[in-house]
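Protein sequence lines correspond, in order, to chains A and B. Using our numbering, read the first sequence as starting at 104 and increasing by one per residue. Using our numbering, read the second sequence as starting at 65 and increasing by one per residue.
Hints were generated in silico from the structure; no laboratory data involved. Wrong hints could be hidden among the right ones.
Said to hold, decoys possible - Going by beta-carbon spacing under 10 Å, a handful of chain B positions derived as facing chain A: (1) T77; (2) I86; (3) Q101; (4) K115; (5) D155; (6) V169; (7) R233; (8) F304; (9) P307.
As the list claims (entries may be wrong) - Label-pair distances were calculated between CB atoms; the ranges are: (10) E154(B) - S390(A): 57 to 63 Å; (11) T310(B) - Y139(A): 33 to 39 Å; (12) G112(B) - N164(A): 58 to 64 Å; (13) R329(B) - D430(A): 58 to 64 Å; (14) T237(B) - G290(A): 23 to 29 Å; (15) T314(B) - L238(A): 40 to 46 Å; (16) T310(B) - G234(A): 40 to 46 Å; (17) L321(A) - S332(B): 37 to 43 Å; (18) L238(A) - T111(B): 51 to 57 Å; (19) L196(B) - N164(A): 54 to 60 Å.
What you are looking at is a predicted structure, and each value in this text was computed from that prediction instead of being measured. The beta-carbon is built from N, C-alpha and C at its ideal position, and this holds for glycine as well.
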Amino acid sequence: MSTVTNRTTKTKGKSSPAMSPSAGPAIEAADISFSYGERAALKGVQFDVQPGEIFAILGPNGGGKSTLFRLLSTLIPLQTGILRIFGHVVPHEQLLARCCMGVVFQSPSLDRKLTVMENMRGQAALFGITGGKALQRCQELLEQFGLMDRASELAETLSGGQRRRVEIAKGMIHSPQLLLMDEPSTGLDPGVRRELAQTLEQLRRDNGVTIVMTTHLLEEAERADTLAILDQGRLVALDTPEALQKSVGGDVISIVCQDAQRMCVEIEREYQLSVAIVDGGLRMETSDGGELVGRMMRRFGDQVSSITVGRPTLEDVFVAKTGRRLD
Amino acid sequence: MTRQPTPSPWPATRMLCWREIIRFLRQRNRLIGALAQPIIFWLLFGTGLQKSFRLADQQGTPSFLEYYFPGTLMLILLFTAIFATISIIEDRKEGFLQGVLIAPVPRWSMVLGKVLGGALIATAQGVVFLLLGWLVGASSNVTALLVTVPLLFLTAVAMTSLGFVIAWRMDSTQGFHAIMNLALMPMWLLSGAFFPIPTLSGETAISQIGLHWVMRLNPLTYAVAGVRQHLFEVPLPESFWAPSLTLCWTVTACFAVGMFWGAWRISSRRIGGDLV
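Pulled out of the complex, with its shape left as it was, chain B reads as follows (with noise of 0.2 Å):
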C-alpha cells in the first residue's frame, strides 16, 4: 500500500498572505483608513499641542511633532493590524475559513499566513508613513529608517497576532470594535506614544507610580521606544523613564513570538463558529 504523503504547508501560507494583500488592495477604503486617518491625528494634535507641550525647560528636546511621530506609527500599524484580522471574522460568515479548516496542512501555516499577510500590509504602511515624515524631516537618517523597519515588523506580527486572538472567538464586527476601544486604544494611549513615562523618584504622586507601571508592562511600550531611539538621536530628559535599545529589541521580539504561538494555540481549538 502507498500513501501519499501529505502537501506541504509553506503554499498554504503563502496563499493566505498573498490573499490578505490583494483584498487589501482591491479595498481602497481600508487603505485610507488606515493611512489617512493616523496621519490626520498627527498633524492636528503635532500642531494643536505644540505650544503647550513641553518635555523640559530644555533646548534640544523634540517637539511635540516628533514626539509624537512614532506614536503615529504605531497607531498606523495598530490599525492595519487590526482591519487586517478582523476579515477573519468575514472569513468564518462568508464561508471560505470552513475550506482553509479542513485543507490538509497543519494549523500554523495557516496562522502564519493570515498574520504574515496582515504584518506585510501594516509594515508597509509603516514605512509610506516614515517616508512621509522624512521628507517633512521628522527623521532625516537613512540608516535609521533601514533599522526601523525589521523593528516596525515584529511590532505588526505581534499586533496582528493580537488581533487574530482577539477575532478568532468572535461571530461579529462589532464586538471587535468594542475591544478595539477597551483594550487596544488604551494600550496605545499608555504606550509612550502620547506621553512619555513619568520616573519614579521618593515624592512620585501614587497616580503617576501607578501610570510608570502600566505603561513599563506594556510590551507596546518598547516598541515605540525602540523606534523613537532609531529616529531621534537626541534622548529624552532625565525626568522620563525609556528602556535601552537592547531590551527593546527583545520585549519586541517576545511580543512578536509569544503573540503569534498564543494565535496559534487558539486557532487549534474548535469552536461553535466553525459551524457555518
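Chain A extracted, bound-state conformation (with noise of 0.2 Å):
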C-alpha cells in the first residue's frame, strides 16, 4: 500500500509548521464502514488526504457525507475500518487525534448568551490554553477573521456569515494542523460564500492548513485539490476535479426531447453511444460534441425542443458515476 511508503519517508517535517509529525497523510482512511441499526450509512469507504490540501467531499444529503464528517471529528466511534489523524490512531489516540484537528460543525456550536470573545477563551480553555496566551491567540484569530470590534458583543447579535467566521476562527485556537468542516456554506450568501473561500485559501497558504470539508455545492468542490463523491455510502470517485472532469469524456451533449426512451433507443443504435435518461432527458458523452450535434439536428431535429453541448462539469462527472443527479 502506498500509503505504508509515504510513512516511512522521515526527511520532511521539521520545515514548516503544517508538517505533522509523522509526516504521512493528514488522514488515512482505510475500508471504513458504519451503520444506524440495520442502514449502512457508509460501505467500505477508503481515501488518504496530504498534508496542505484541500480535500473535499461532495455528495447528495443522505450520501454518507456528514456520518463520515462525524467519524474524522471523533464524536461518533468507528464500527469498522482503520482511521489514523496524523499517525494517531483512532480511537486508541483519540486525545492525541482532537489535538491535531480543529472541527467546524454545520450546526453552529457558539454559545449564544456568551460574547464572542468568551466563546474564544472557552474553546481555548478546552485545548488547555489559559491566561495571557489565551488571550493573545483570541486576539490575534479575530484580529486574522475580522471579528475585533464584536469582541465584546453577545454571540447571538452576529449575522450568519459572521458566526460562521467565529466558528472557523474557534477551531483553529489552538492552531491545528488540520480543519475540518461540515458543509461550511451552508446558510450564507453568495458573497460571504467567496469572502469564506478567501479565508479558506488563506489559511491553508499562510498557515499551512489541511483542510477537509463536506459540501453539496459543485463551486466549493471545484476549488477542491482533491474530490471525493460519496454516494450511497460509497466513494465513487477520488480525483482532482480536472482529472475527474477529463474522466468523463471530450464533451456532453444533453437533449430535452418529447419521448425519451424510443430517442434514447434511435441515437444509440444510430451512433453507437451510450446515453442515458436523466430526469427526463438525454445525456451522453462523446469526443466531438459539436460536430455531432449537427448531425443530430439534421435527422431528429423536429422532435427535440432544445439541445446543448458544453465542457464536462462536476455535476456531470456525479451523473457519470452515479446516474443521477447531485440534487
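Join the two chains, each given in its own frame, into one complex according to the hints.
Written as C-alpha cells, this is what we have:
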C-alpha cells in the first residue's frame, strides 16, 4: 500500500508548521463502514488526505457525508475500518488526534449567551490554553478574521456570516494542522461564500493548514485539490476535479425532447453511443460534440425541444458515476 | 517523532463551571425562579400551617416555620440544581455540547465543570436563604451556619449530578419536567422536609411503616436532617425518627460521590442525541 511507504519517509517534517509529526498523510481512512442499526450509512470507504491540501467530500444529502464527518471528527465511534489522523490511531489515540484538528460543525456550536471573546476563550480552555496566552491567541484570530470590533458582543447578535467566521476562528484556536468542516457554506449568501473561500485559501497558504470539508455545492467542490464523491455510502470517485472532469470524456450533450425512451434507443442505434436518461432528458458523452450535434439536429430536429453541448462539469461527473443528478 | 502531550483537563473544567455561573447571572428569571418560589412557599406554608402543625404536646418543639426551614433550603437546592442541569439539553440542541464532546479532554472534566457550576450556584442561593433565615431569627448560631454550608454543597453536588443523569439522555425539556414532578418532588416531600418521619413501634399502622422506610431509604432525608440538626439545637420529639449527625454527613457524602460517578459513567456512553 502506498501509504506505508509514505509514512516511512522522515526527511520532511521540520521545515513547516503544516507538516505533521509523522510526515505521512493527514488522514488515512481504510475500509470504513458505519451503520445506524440496520441502515448502512458508509460502505468500505477508503482514502488518504495529504498534508496542506483542500479535500472536499461531495455528495447528495443522505449520501453518507455527515456520517463520515462525524467519524473523522471522532464525535461518533468507529465501527469497522482503520482511521489515523496524522498517524494517531482512532480511537486509541483519540485525544492526540483531537489535538491535531479543528472542527467546524454545520450547526453552530457558539454559546449565544456569551460574547464572541468569551466563546473564544472558552474554546481555548478546552484545549488547555489559558491566561495571557489564550488572550493573545484569541485577539490574533479575531484580528485575522476581521471580528475584533465584535469581540465584546453577545454571539446571538452576530450575522450568519460573522458567526461562521467565529466558528472557524474557534476551530483554529489551538493552531491545528487540520481543519475539518461540515458544509461550511450552508446558510451563507454568495458574497459571504466567496469571502469564506478566500479565508480558507489564506489559511492553507499562510498557515499550511490541511482543509477537509463536506459539501453539496459544485462550486465549492471545484476549488478543492482533491475531490471524493460519496453516494449511497460508497466512494464512487476520488481524484482532482480536473482529472474527474477529463475522465468523463470530451463533450457532454444534453437533449430535452418529448419521447426520451424512443429517442434514446434511436440515438444509441444510430451513433453507437451510450445514452443515459436523466430527469426525463438524454445525456451522452462524445469526443466531438459540435459535429455530432449538427448531425443530430438534421436527423431529429423536429422532435427535439433543446440540445446543448458543453465541457463536462462536476455535475456531469456525478451523473456519470451515479446515473443521477446531485440534488 | 515528538508527540505533543494532551492538554490539562482542568482549564476545561474551570471554563465550563464559570460558564454555568455567567449564564445564570445573565438570566435573571432563573434567579427569581429558584430563590423566590421556595421563599414564598416557606412563608405561605409556614404561616398557614402554623396553627395546625404540632410535633408534640410539649413546649420547646420547633414551630412549622422553623421545621420547614431546612426543607425550603433543600427545595432551593433542588430547583437550582435542576435548572442548572436542564441546560445540558439546551447545550445539546443549540450545538454547544458537540464542541465540548470532541475536545481533547477526558469526559469527567466536562461533567465536573457542569456539576461544580450548578452546585456552586445552588449553594450560593442556599447561603442567601440561610442569611435570610438568620435575619428573621430562624437560626441564630453563626458557627452552625458555617458548618451547614459544606453540607449544602455536598447535597448540591448530589442533586446536580442526579439532574445530569436524568438530562443526559433527554431530548426535550418537557420530558425533564415530567420526571421532576414524578420523581424529584416526591423525593423532596419524602425527605422529612415537609413532615417528620414516624418512628416504628408495636402498634404502628402498615402505611406508617411503609412511609418510615421509604423516607429512611431516601438519601435526601439525611441532608435535610443534617441541616436541621446543625441549625436548631432543639431535637425533634422522641416520637419521630432522626438519624445521627455522623450518619447524615456520611450518607450525603456517599450520595454526592455516587451520583457524580453515575453522571460520569452515563456521559461516557454515546447516544443518538450527540448528533445535532
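Exercise. Which numbered hints does this structure break?
Worked result: As far as the earlier hints go, 3, 4, 7, 8, 9, 11 and 13 are violated by this structure, in ascending order.
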